[in-house]
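Asker: Full structure from sequences and hints, please.
Protein chains: 2
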Amino acid sequence: MKIALAQLNYHIGNFESNTNKIITSIREAKQTGADLVVFAELCVCGYPARDFLEFNEFISLCDDAAKKIAAECNGIACIIGLPTPNHNPEGKDLNNSAYFIDNGEIKAVVNKALLPNYDIFDEYRYFEPSTSFSCIDFKGKRIALTICEDLWNTIENPLYVTRPMDTLIQQKPDVMINIAASPFAYNHDEERIAILSDNARRYNLPLFYVNHVGAQTELIFDGGSLVFDNTGKIADELPYFTENTAYYTLQDDASITFEHQTTQKAERQSDIEQIHQGLILGIRDYFYKSGFKQAILGLSGGIDSAVVCALAAEALGAENVMAVLLPSKFSSDHSLKDAEDLVANLGCKSETIAIEKITDAFEGALHPQFNNLPFNIAEENIQSRSRAVLLMAMCNKFGYILLNTSNKSEAAVGYGTLYGDMCGGISVIGDVFKTQVFELARYINRDREIIPVNTIVKPPSAELRPDQKDTDSLPEYDILDAILVQYVENRRSSAEIIQQGFDDAVVHKVLRLVNLAEHKRYQTPPILRVSPKAFGMGRRMPIVGKYLT
Amino acid sequence: MKIALAQLNYHIGNFESNTNKIITSIREAKQTGADLVVFAELCVCGYPARDFLEFNEFISLCDDAAKKIAAECNGIACIIGLPTPNHNPEGKDLNNSAYFIDNGEIKAVVNKALLPNYDIFDEYRYFEPSTSFSCIDFKGKRIALTICEDLWNTIENPLYVTRPMDTLIQQKPDVMINIAASPFAYNHDEERIAILSDNARRYNLPLFYVNHVGAQTELIFDGGSLVFDNTGKIADELPYFTENTAYYTLQDDASITFEHQTTQKAERQSDIEQIHQGLILGIRDYFYKSGFKQAILGLSGGIDSAVVCALAAEALGAENVMAVLLPSKFSSDHSLKDAEDLVANLGCKSETIAIEKITDAFEGALHPQFNNLPFNIAEENIQSRSRAVLLMAMCNKFGYILLNTSNKSEAAVGYGTLYGDMCGGISVIGDVFKTQVFELARYINRDREIIPVNTIVKPPSAELRPDQKDTDSLPEYDILDAILVQYVENRRSSAEIIQQGFDDAVVHKVLRLVNLAEHKRYQTPPILRVSPKAFGMGRRMPIVGKYLT
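The listed protein sequences derive, respectively, from chains A and B.
Throughout the first sequence, residue numbering follows my numbering, covering 1 to 549 in sequence.
Throughout the second sequence, residue numbering follows my numbering, covering 550 to 1098 in sequence.
Some clues are possibly wrong.
Simulated crosslink set (DSBU-like; lysine-lysine; CA at most 30 Å straight-line) [stated by the list, open to error]:
{"no.": "1", "chain 1": "B", "residue 1": "LYS616", "chain 2": "B", "residue 2": "LYS579"}
{"no.": "2", "chain 1": "A", "residue 1": "LYS546", "chain 2": "B", "residue 2": "LYS842"}
{"no.": "3", "chain 1": "A", "residue 1": "LYS520", "chain 2": "B", "residue 2": "LYS898"}
{"no.": "4", "chain 1": "A", "residue 1": "LYS520", "chain 2": "B", "residue 2": "LYS1095"}
What follows is a list of derived Cβ distance ranges for each label pair [claimed, not checked]:
{"no.": "5", "chain 1": "B", "residue 1": "ASN706", "chain 2": "A", "residue 2": "ASP137", "range": "33 to 41 Å"}
{"no.": "6", "chain 1": "B", "residue 1": "THR1020", "chain 2": "A", "residue 2": "PRO532", "range": "44 to 52 Å"}
{"no.": "7", "chain 1": "A", "residue 1": "GLU319", "chain 2": "B", "residue 2": "LEU1065", "range": "22 to 30 Å"}
{"no.": "8", "chain 1": "B", "residue 1": "ASN1039", "chain 2": "A", "residue 2": "THR249", "range": "46 to 54 Å"}
{"no.": "9", "chain 1": "A", "residue 1": "ASN56", "chain 2": "B", "residue 2": "PRO917", "range": "47 to 55 Å"}
{"no.": "10", "chain 1": "A", "residue 1": "ASN490", "chain 2": "B", "residue 2": "VAL1006", "range": "57 to 65 Å"}
{"no.": "11", "chain 1": "B", "residue 1": "GLN918", "chain 2": "A", "residue 2": "PHE375", "range": "27 to 35 Å"}
{"no.": "12", "chain 1": "A", "residue 1": "PHE292", "chain 2": "B", "residue 2": "PRO1081", "range": "30 to 38 Å"}
{"no.": "13", "chain 1": "B", "residue 1": "ASN706", "chain 2": "A", "residue 2": "THR24", "range": "34 to 42 Å"}
{"no.": "14", "chain 1": "B", "residue 1": "ASN605", "chain 2": "A", "residue 2": "GLU476", "range": "24 to 32 Å"}
{"no.": "15", "chain 1": "B", "residue 1": "PRO917", "chain 2": "A", "residue 2": "ALA495", "range": "54 to 62 Å"}
{"no.": "16", "chain 1": "A", "residue 1": "THR24", "chain 2": "B", "residue 2": "ASP612", "range": "56 to 64 Å"}
{"no.": "17", "chain 1": "A", "residue 1": "PRO532", "chain 2": "B", "residue 2": "LYS1058", "range": "38 to 46 Å"}
{"no.": "18", "chain 1": "A", "residue 1": "ASP63", "chain 2": "B", "residue 2": "LYS1058", "range": "20 to 28 Å"}
For the record, the hints were derived by calculation from the structure and aren't laboratory data.
The C-beta atom is built at its ideal place from N, Cα and C for all residues, glycine as well.
Answerer: Right, dumping it as structure tokens:
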């Protein structure tokens, strides 16, 4: 049996585009002689469709699309994913389903049993879990078809009390197929491979696995679809961060051969390489799927905006990036110079708009109220917010989207100005710790100096008052980030973190800052997610909570 | 058996405050001769604790609090709610539990079976549902103790496939007790009464029900704890929006008597009265639980900011409200006058800061880029954003929290400026449609003219360009709001709404505006929730989705 895996970039709710992509793939696979082409989980509507799923019309549109797709399945079968009505009056109204379509008809429906509802996942919000499991017979092979999380319950402390494959294996299948929507995190590819390999070995079956590729607002899907033999060895690994279709023949002895090898197994990429590729895809898809082309950002001469500018230039083309230099009286000479060097290195557009007259106007207007009170955070934030107003005015006049340039360390401890540098349509590096931003900068410079070396080596500063340094308010970033990884990503308590050797007072200060900044993070743009725990939809915290504040 | 119902205002993660409140109530109930005092669901940690629940230390702190509470239970029993570790290695790590404590010991643990995971609820994110159910024997009575949603599966198209009371009733209980965390919506009290009454009648048992009261960021809990006799008739209804403890005796014939009647059944309040009380509580608790006292807002002379100002003055005291008048050259004379009249009527503080020099400075700075392009939304937004910068500067200098004054109609269609009038720490009327804002204004004026009549009768305008009216861009509010109710709250499709008699083009325009504004709503403050479907945590939409845009 010849199987095609179609790893495609869908767009949530864009039925026309998704259906066309699927149909084009079916036609190509048919021409290539495939018996079966496999698409990803919920490919018909895109993932995650979130509360669109609560609209009956949206579910009908999925059904309409499935009918169009089914009409193409003559001489070839396909597996697609879509939400379908739950015909049992008890339980949630929908199932997360896979259709096995052959000869223009839905031959089998498989419903997902294990519904992820942690981190960024909300599947139990919409779907009723399946409790019955049947294999599908096709061309002399018996297929155990499951959906994503259904294979993820093999660990020691499993999240679910059922394991669909334990039922399916009793029906003696020849092969496993799993369709997925598994978002990127820099360490997720290894976890995914380990769990899927464990399934192939445990059930002694070859396994075909198809993932999404492409970004949906903050969620980046990295592709990397996989084929395993029945010993759990990787037979093939599709490319990451790009669309691809690959063909395999499942032989009668359960071995897998490549008739037309379209993919090459890449070497494992480093975390920073993956983050770099993920962010490029994230920016590109955010703009493309929103119908925008041009980005704008404030370029300070510091490393965060420099890295975002370089990423945007690579994602959108330098000609579509407008860098705005917004100096104040507190900007150092090197800042302007470093920003100008970057613009020259990238070849992007730039403007320079001094903010002093604006901040003077604000301070003049507030003079009766402020009444010679000393300069403090109020005046600092006026600078940051004046810049945001200028950048947004440029957006409104010329149709740019503003890129936010805050990093994860700042976002964590609230070291940023709400409605100032925390503005933007999308946060590019809000899930990248400052220490990783430095790594990204060095990676971007791997072939030539794009980001000025001075930007990388100088001490970070917000330049909102004379001689300000980040370390005036915060611990050194290597310490800060190490604590943040433990608290935010590993969810350790202060006691546990202190036990790891960090200073008591520093740990308490950092954890307190993180919790006190919840109200700021609530109003920040969506953040491209590259880690296993990003701020945003995957981390849901009370704002007025009293814990650790 | 004498039962006390303690309807208290908890604070998420504030173990000291919550534990003290619970212990104080236990002591009072003991003095009053109660056998049992009943507290609300997850009262120990507050509801919803959200991802605090993922920290082992947080769960330990709950356990510590439970031990302190248990030590008080001598000569009196109590029921408290808290998260507890799931001792089964399979499934989620926690249970949503109720402890029945007597003689200083945990005599019974009941785990919640039906875990709401819709709208604002995320309980399946944390908790494993219970599958076994046992009654509790106490002082000759057999108690069927359940937790909130466990009684909510009685409707025709039930969300869950199990019904705990169907098992418990077989053990022949004498009484039902349900502990809850049921947030306010203006129509929710009636639904709650209907469902609970139906349970009492169906199982032919008296029912004691205890709810939270108080606000946790955007969620307002309205109290209104209830007692039903075994025919489903309301025996008592605790007050709404305030703490209260009430005492009842469950007689051997299952009838309920009041030894000390502390409550009086209020007449059903109108929706607007409820919304009014809910918003007052929401503002008050947001400030109190955040440790702030003073609010600031921009007062335009329009109805939205006038209503928010009046609500804030009632919630916090007029002396704690700073109203800032921020006129521009487009502000009409009556706007300033109307705003000044309101300030005088309320007796709150006020400042006037003209914005023209600031907007001139912005336009001057942008002149090289804008290059005489015509005045448009860019210049309109500069005005709105300049006001926000001024208000935030006042916050930063003096420690105010900025109140957002956007209404739900505007928030729906994106008729507001991001980082401008959409700023604020909390959105007071973001879940109140414009037509309801008018009703609120009339309600606020029920005894005397607080909000100037001219503010209520003049046509709404953003006053960002000459002679601007909201109806230049939007349908009349009665039409707009009626469509929005159908789309946002009832989740109807365009076809269904048109079938109700609305104009085709208007419906399509409105739905498109709602979906296109998703990126703006993502960055708005938390919105005090008063309807069954508020923007924010209860409505989760893709931003780059293509549906209806």
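Asker: So, for every hint listed, does it hold in this structure?
Answerer: Hints and how they fare:
1. LYS616/B - LYS579/B: holds (18 Å)
2. LYS546/A - LYS842/B: holds (17 Å)
3. LYS520/A - LYS898/B: holds (27 Å)
4. LYS520/A - LYS1095/B: holds (28 Å)
5. ASN706/B - ASP137/A: 33 to 41 Å: Holds: the Cβ-Cβ distance is about 34 Å, inside 33 to 41 Å.
6. THR1020/B - PRO532/A: 44 to 52 Å: holds (49 Å)
7. GLU319/A - LEU1065/B: 22 to 30 Å: holds (27 Å)
8. ASN1039/B - THR249/A: 46 to 54 Å: holds (51 Å)
9. ASN56/A - PRO917/B: 47 to 55 Å: Given about 52 Å between the Cβ atoms, the range holds.
10. ASN490/A - VAL1006/B: 57 to 65 Å: Roughly 59 Å apart at Cβ, these two residues keep to the hinted range, so it holds.
11. GLN918/B - PHE375/A: 27 to 35 Å: holds (29 Å)
12. PHE292/A - PRO1081/B: 30 to 38 Å: holds (34 Å)
13. ASN706/B - THR24/A: 34 to 42 Å: holds (39 Å)
14. ASN605/B - GLU476/A: 24 to 32 Å: holds (28 Å)
15. PRO917/B - ALA495/A: 54 to 62 Å: holds (57 Å)
16. THR24/A - ASP612/B: 56 to 64 Å: holds (57 Å)
17. PRO532/A - LYS1058/B: 38 to 46 Å: holds (41 Å)
18. ASP63/A - LYS1058/B: 20 to 28 Å: About 27 Å separates the Cβ atoms of ASP63/A and LYS1058/B, which means 20 to 28 Å holds.
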